[in-house]
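Listed in order, the protein sequences are those of chains C and R.
In this text, residue positions in the first sequence follow UniProt numbering: the first is 1, and each later residue adds one.
In this text, residue positions in the second sequence follow UniProt numbering: the first is 1, and each later residue adds one.
Do not take every clue at face value.
[As the list claims (entries may be wrong)] Calculated pairs, DSS-like style, for lysine-lysine (alpha carbon to alpha carbon, straight line, at most 27 Å):
| no. | chain 1 | residue 1 | chain 2 | residue 2 |
| --- | --- | --- | --- | --- |
| 1 | C | K322 | R | K3 |
| 2 | R | K366 | C | K65 |
| 3 | R | K3 | C | K277 |
| 4 | C | K277 | R | K398 |
| 5 | R | K294 | C | K322 |
| 6 | R | K16 | C | K322 |
| 7 | C | K322 | R | K254 |
| 8 | R | K3 | C | K276 |
| 9 | R | K7 | C | K217 |
| 10 | C | K21 | R | K294 |
| 11 | C | K217 | R | K16 |
| 12 | R | K254 | C | K276 |
| 13 | R | K366 | C | K69 |
[What the hints assert, rightly or not] Listed next, the stretches of chain R that the computed footprint assigns to chain C, with coverage defined by at least 3 CB atoms under 8 Å from CB atoms of chain C:
| no. | segment |
| --- | --- |
| 14 | 204 to 213 |
| 15 | 252 to 262 |
| 16 | 347 to 361 |
| 17 | 366 to 374 |
| 18 | 380 to 386 |
| 19 | 397 to 411 |
| 20 | 423 to 434 |
[Unchecked claim] Covered stretches of chain C, as calculated for chain R (at least 3 residues, CB under 8 Å):
| no. | segment |
| --- | --- |
| 21 | 41 to 50 |
| 22 | 287 to 296 |
| 23 | 318 to 326 |
Read the hints as simulated data drawn from the structure, not as lab findings.
Glycine included, C-beta positions come from ideal geometry on N, C-alpha and C.
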Amino acid sequence: MSQPIIISASPHVHSDRTSKKLMYDVVIALIPAFLVSLYVFGIGAFIVTAVAVISCLLFEYLIQKFLMKTDVTIGDGSALITGILLAFNLPSGLPIWMIIVGSLVAIGVAKLSFGGLGFNIFNPALVGRVFLLVSFPVQMTMWPTAVENNTTMADAVTGATPLGMIKEGLMFGDTMTNITANLPSNLELFLGLSGGSIGEMSGLALLLGGIYLLYRKVITWHIPVTMLVTMAVMTGIFWVIDPESYASPLIHILSGGALLGAFFMATDLVTSPMTKKGMIIFAIGIAVITVVIRLFGAYPEGVSFAILIMNAFVPLINTYFKPRRFGSKIKSKIV
Amino acid sequence: MLKTFPKGGIHPPENKITAEKGIKRMAVPKVVNVPIAQHIGIPAEIVVDRKDKVVKGQIIAKSGGFVSSNIHSPVAGTVTKLDLIIDSSGYKKQCIVIRTDAKDPSNFEEVENPLKTDIELEPKEILQRITDCGIVGLGGATFPSQVKLNVREGTTLDYLIINGVECEPYLTADHRLMLEKAEEIVVGIKILMKALHLKKVVIGIENNKKDAISLFKKVIKKEDGIQVAALQVKYPQGGEKQLVRAILGREVPKNGLPLDVGVIVHNVGTIFAIYQAIQYDKPLIERVVTVTGKKLQNPSNFWVKIGTPIKDLIAEVGGLPEGTRKLVNGGPMMGKAIKNTDVPVTKGTSGILVIDEEEASRGEAKNCIRCGQCVFVCPMGLEPHLLMNLSEKGMYDKASAEDIMTCIECGSCSYVCPSHRPLLDYIRFGKNIVKKLETSKN
Numbered sequence: 001m002s003q004p005i006i007i008s009a010s011p012h013v014h015s016d017r018t019s020k021k022l023m024y025d026v027v028i029a030l031i032p033a034f035l036v037s038l039y040v041f042g043i044g045a046f047i048v049t050a051v052a053v054i055s056c057l058l059f060e061y062l063i064q065k066f067l068m069k070t071d072v073t074i075g076d077g078s079a080l081i082t083g084i085l086l087a088f089n090l091p092s093g094l095p096i097w098m099i100i101v102g103s104l105v106a107i108g109v110a111k112l113s114f115g116g117l118g119f120n121i122f123n124p125a126l127v128g129r130v131f132l133l134v135s136f137p138v139q140m141t142m143w144p145t146a147v148e149n150n151t152t153m154a155d156a157v158t159g160a161t162p163l164g165m166i167k168e169g170l171m172f173g174d175t176m177t178n179i180t181a182n183l184p185s186n187l188e189l190f191l192g193l194s195g196g197s198i199g200e201m202s203g204l205a206l207l208l209g210g211i212y213l214l215y216r217k218v219i220t221w222h223i224p225v226t227m228l229v230t231m232a233v234m235t236g237i238f239w240v241i242d243p244e245s246y247a248s249p250l251i252h253i254l255s256g257g258a259l260l261g262a263f264f265m266a267t268d269l270v271t272s273p274m275t276k277k278g279m280i281i282f283a284i285g286i287a288v289i290t291v292v293i294r295l296f297g298a299y300p301e302g303v304s305f306a307i308l309i310m311n312a313f314v315p316l317i318n319t320y321f322k323p324r325r326f327g328s329k330i331k332s333k334i335v
Numbered sequence: 001m002l003k004t005f006p007k008g009g010i011h012p013p014e015n016k017i018t019a020e021k022g023i024k025r026m027a028v029p030k031v032v033n034v035p036i037a038q039h040i041g042i043p044a045e046i047v048v049d050r051k052d053k054v055v056k057g058q059i060i061a062k063s064g065g066f067v068s069s070n071i072h073s074p075v076a077g078t079v080t081k082l083d084l085i086i087d088s089s090g091y092k093k094q095c096i097v098i099r100t101d102a103k104d105p106s107n108f109e110e111v112e113n114p115l116k117t118d119i120e121l122e123p124k125e126i127l128q129r130i131t132d133c134g135i136v137g138l139g140g141a142t143f144p145s146q147v148k149l150n151v152r153e154g155t156t157l158d159y160l161i162i163n164g165v166e167c168e169p170y171l172t173a174d175h176r177l178m179l180e181k182a183e184e185i186v187v188g189i190k191i192l193m194k195a196l197h198l199k200k201v202v203i204g205i206e207n208n209k210k211d212a213i214s215l216f217k218k219v220i221k222k223e224d225g226i227q228v229a230a231l232q233v234k235y236p237q238g239g240e241k242q243l244v245r246a247i248l249g250r251e252v253p254k255n256g257l258p259l260d261v262g263v264i265v266h267n268v269g270t271i272f273a274i275y276q277a278i279q280y281d282k283p284l285i286e287r288v289v290t291v292t293g294k295k296l297q298n299p300s301n302f303w304v305k306i307g308t309p310i311k312d313l314i315a316e317v318g319g320l321p322e323g324t325r326k327l328v329n330g331g332p333m334m335g336k337a338i339k340n341t342d343v344p345v346t347k348g349t350s351g352i353l354v355i356d357e358e359e360a361s362r363g364e365a366k367n368c369i370r371c372g373q374c375v376f377v378c379p380m381g382l383e384p385h386l387l388m389n390l391s392e393k394g395m396y397d398k399a400s401a402e403d404i405m406t407c408i409e410c411g412s413c414s415y416v417c418p419s420h421r422p423l424l425d426y427i428r429f430g431k432n433i434v435k436k437l438e439t440s441k442n
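Excised from the complex, chain R in its bound form (with noise of 0.2 Å):
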């Protein structure tokens, strides 16, 4: 029996078209904007002023705080301007806009780092040089890495869990990354062993992925205390809490963190960026994006520059097809839709999804007519239509009661309901209120 998580989850269809397209390097482009906001915490602080040359990998915005993170030049080239950009969330956000230099080598001549397995680097050396890099969490939610592995003396810690999962529809750069880079990988992991002195790992890796199961199966037979999971194909069990749940059968208290129960999870985007930040001394300038959808003409995985704009990467595909109506960054469950193809590619972005007018367009609301399928699929076990209402009727106190604060934001309680009731969006808002308020009593 392959494993999950008990409560709730869905399966919508997989899609994952781009599943058998190997990564391409994406062409530098001409011009890059590198938000200071990538990651979840503190921006960071811009320490380039316009006009000055910088070479690639260099600092351009410094860590502004404990949950914070480097930021480094993609490319060389010259700062043009500091200035707002649009980004995925929708609001305009400080940017360093550098112009790629036309003749600069290393914009061009990529080289191929071979296998580099020794570890020389002690566990000290091993963190900072994370925290230099501006690692994060490659998964989606982009917390700088130094900080959960800052494990404080005294905590019990005794898994590692890799998050292979990769559960969002349509979405393939784990997947491809686990396929290409699978060696790169185990010598993460064993970076990350090292560093916390852990002894015991478990890769996770959902069952439509079997390529990557049999491949991580073959590369870790040698060594010790690695292992291979294969779950079943369940969304969100990409979700920390679920991963955890459905790995070790260990529940996180409300609230809490994996931490709370002896586990740290890493997705392995991050854990191939800390492979390199270690061995190579590369920092985070670069990530696997899944631009895909059905009409696309060539839908692909790309190694691509942070910064990147996205309407280079439509371009790469073949263009938006005609009655494009939507533009995801990330996944369909959790993704955020987009503006414009101004937009640049950030730390976060895992995939860019082109959606037609069918698949856009959300049915009418109609009445709740109270079956309960929310309730069922709720993987936090909320009754999402109670909070919904809640929300909708300002009971904010009732609504955080009711754990509110607790939802994760799956979206599979408004994917299921069959009167398509806008039961996150009026969560969300919920949330946001009740953290307000939450903040203001303190």
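If we strip away everything but chain C, and leave its shape as in the complex, we get (with noise of 0.2 Å):
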């Protein structure tokens, strides 16, 4: 033997699925998304997400370079997946400098002030996102509207979206036909062709992406399935109930940031649950803040907060629900 001989315990072979490859997994199942966007918004989706990801992956250096004084790991992907899932959840005429101040809080605040890639609590491009909205609410609510404007930013006319619209129709007593009359169809909100944040338009880029995850086992039906359900479920019964004063469904799961939140934001492996059992309740609890937003709150979106907030119980839900330990309930049938 040439070399030194090597001495470690078992295993001695290992599964050649590193965190790095899951994470351009997930870069690669936001690219459809990324497309409709572009053919949506034009150059506007273009030039936000590359703020979005330069900024965040400049912040991550720099701040793990002379500020924390650590080894840099902008090249695992999680940096560059944070910048993409922020510019996603963003209008596309964003003033550039508010995505740069969106990126700090994002990676400086949510993310290494908590120790870095692993040990932040909540999902950081929600944060920022956050972060953005409570501060300039103006701003971050000024949708350009679709395709016909793609060219030209700057005359850019701004609609509400579809879930703005129906909040707004029934606050001043309009019945949900003639709320619905105005709004795309649920085919046009499938494909993506209503106003809306960059990467929450096409539920069918979204879906893809979300399968291409399940297929590469990035992430598992749990989250996303349990969360869609439960929301169709309550909206329905409320829909059921009052059709006049309730939005269908169909309209709450195609619009606003249900898949984008459902597929991509709250099964962020860092800030979801560890067990199956955790990320049913994880998604329930998604779910009814969801829908209980949507319905009575103030906001017509709440997919953001409600992922934000659940992601505080995570640890909590690790904590109380566990795996079932081998061998704990013997039901053992002896024949």
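Both chains are given apart, each in its own frame, so use the hints to dock them into the complex.
Okay, here's the thing in structure tokens:
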């Protein structure tokens, strides 16, 4: 033997899946939604995403190198994902300096001040987004409307999101029938031809990405399926009782951040529970809070808040919803 | 649908490159180093001295207590010294060194015993013979077989499960033995059925050994009460608790044994050793060893005398290839890395695995990203990330409360961890300390 022999404890073989590969799988899964946003919002979507990604990577580099003086981990893909997801939660016409502030909050406050990858309690991209939403509510709810305006960012006409239109309409005593007449059809919502944040446009694209993540086993079905089913059931109950005052479950699922949240934000590995039981509780919590905010709260949309609130419960969920220990319940059938 | 255990498990690349290689007989080595602690429990007590002449199969170390086992001379020869030699644990252990007598014909003429189906011994005599012949579990745990078979009056025992799973990647020793000695193994099963007054036996074989499954189905056609169960390929199905759960749906209670749910599990290799002990009074002095590795010239399966230095095996398969970085006694998931090639083959050596640079090195440990993979794959329903953390921080009471002691050390958690965290290393460390704390309390 030319080199010294290695002595280490078993196992002596390891799976070739690394955290880096998991992260880049998420990036791949986000591509369809990004392409749709380019089609819908044009150059604006590209600028917002590029600024968010670059500033997230840059802040991570600067903070780790000069403030924390630790190893720089910008290559692991996590800051890249934070950047993309932050951009996906912003309107496409947001001023660039605001995007940079959001990135600083996401990376600096929500991620690195907790200790970096794996130690953050809250989803960094969502913290950045919510910080911007409460700081700059006007700019954060100016939604350039779809397709026809995709060339000229400066003259972009802004309009409300479908959820915003519903909330406003209902507040002024309008009926769902009248409101729905002005809404994009469910098919348009599914394809992504309505107003909203960059990444939440197309249900179809998000679903494709989600299926890719499931296929690659980056995520399991527990969080997205539980969350969407619970949302559908809850909004469905209200809709059946009073279809004139409540939107249909399909509108709720296809509009706003439901699909983006279910597949990409709530499933964030670091900030979601580590057992399957826990994931189901977590997803139900998100769905309930989202629906309560959408139907009865001041904001038209509540997915971001719901996920952040449930993020805070994750340590508790991990403590109380443990996997069943083998042999702890003796239910053997001796025949 | 193939049977399997429901919670956890992994499917690493199987790499069973020696599956087609028939078991060859290794030449008797010039010198054998026979350790006196080859089994779990109390080491055997040496009953020979320097310069003693020993014949093949003679007892050279006697069982040292209830959980212990006799050790026999694998060769005819002379005891040259009683020495401390590094074994697969990495520590120096007491060994009996015997120089083979080059003239004694018993060392070179191996009689292939014909199949003998009539079982003449009575149950009591069978158990005594198993004790005398030094039979231990050959699946890897090397638990003295007579202790396992010592079933107290009044205990409910209704199933014997034969473990032909061999879920470790690379290893094919049990697979080849099943193919080559199927009829003998079935006689061995009937011996245990007689000894334990058992009516029901299931042979569990994973579905990557279809030839063995169909062979056993053919052999047991006329036998009453013996079944073959084809199992889904999933590691660690060869673990007793997982196997019992997979085949019978019974869950061995926490800190319990299969016997608590009326089951005894034995490895196919053990059953063959029992067959030879009962029918031909042959003690356990040899076993099947898979010598394997991707870069080896001629990886194969061998009948090897206990005490044979591993370097003899390596020479037999064409020597160590360039770039070898690790030698493993056992399979890649649970085997032990060994220090040098002088380490002797013992009763528990199911394989020797030669690993190159690429496979040997672990990735750099990164932050835990809390993905939960370790929790999903743990077959015992534990939370490896938590146990590692608690062990690392010295919170042993908490670790004990989180059932650290029920870990079977299968290594599935370390295998899947995408951040290459040394989960099992810390869990083992924690287990050792918890064990010490618990003994000092009592």
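Each hint tested on the structure:
1. C:K322 to R:K3: holds, 26 Å
2. R:K366 to C:K65: holds, 18 Å
3. R:K3 to C:K277: Judged against 27 Å, a Cα distance of about 24 Å means the pair holds.
4. C:K277 to R:K398: holds, 22 Å
5. R:K294 to C:K322: violated, 40 Å
6. R:K16 to C:K322: violated, 36 Å
7. C:K322 to R:K254: holds, 16 Å
8. R:K3 to C:K276: holds, 23 Å
9. R:K7 to C:K217: OK: K7 (chain R) and K217 (chain C) at ~17 Å, within 27 Å.
10. C:K21 to R:K294: Between K21 (chain C) and K294 (chain R) the Cα gap is close to 26 Å, so the pair holds against 27 Å.
11. C:K217 to R:K16: Holds: K217 (chain C) and K16 (chain R) sit about 26 Å apart, inside 27 Å.
12. R:K254 to C:K276: At roughly 22 Å apart (the allowed maximum being 27 Å), K276 (chain C) and K254 (chain R) satisfy the hint.
13. R:K366 to C:K69: Between K366 (chain R) and K69 (chain C) the Cα gap is close to 17 Å, so the pair holds against 27 Å.
14. 204 to 213: violated (count 0)
15. 252 to 262: holds (count 7)
16. 347 to 361: holds (count 6)
17. 366 to 374: holds (count 7)
18. 380 to 386: holds (count 5)
19. 397 to 411: It holds: at least three residues are needed, and the segment 397 to 411 of chain R offers 4 whose Cβ sits within less than 8 Å of chain C.
20. 423 to 434: Per the Cβ count (3), the hint holds.
21. 41 to 50: violated (count 0)
22. 287 to 296: Per the Cβ count (0), the hint is violated.
23. 318 to 326: holds (count 5)
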